Amino acid sequence: MRDESPAEENAAVVAQNARESRAVSARSESIARFRVRLRSVLTVSRACGISRTQR
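3 is the number of the first residue of the sequence shown in our numbering; add one for each residue after it.
Think of the hints as simulated: they come from the structure by calculation, not from any bench.
Computed from a prediction, not measured in an experiment: that's the story for all the values here.
The reader is advised that the hints may include incorrect statements.
[As the list claims (entries may be wrong)] Just the calculated beta-carbon pair ranges, DEER-fashion: (1) PHE36 - SER7: 38 to 46 angstroms; (2) ALA49 - VAL15: 29 to 37 angstroms; (3) ALA9 - ALA49: 26 to 34 angstroms; (4) GLU11 - SER42: 41 to 49 angstroms; (5) LEU44 - ARG24: 29 to 37 angstroms.
Built from N, CA and C at the ideal position, the CB exists for glycine as well.
Build out the structure end to end from the sequences listed, making use of the hints.
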């Protein structure tokens with residue numbers, strides 16, 4: 003049994019959850035950005051390949 007009151011414990015849990023959800027959202031945001039970059043690179047390379055085969 004800790005000497006924290008339930009309200010303090012609850013606030014600590016809420017703060018921890020907020021930190022974790024921020025970290026998760028930042029990670030998913032960077033993954034989404036990476037996917038967009040990868041897709042644009044693939045599109046550009048595919049376009050270059052098409053123009054190369056047409057020549």
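For this session: Run the structure past the numbered hints and jot down the numbers of the failing ones, going up.
Result: Hints 2, 3 not satisfied by this model.
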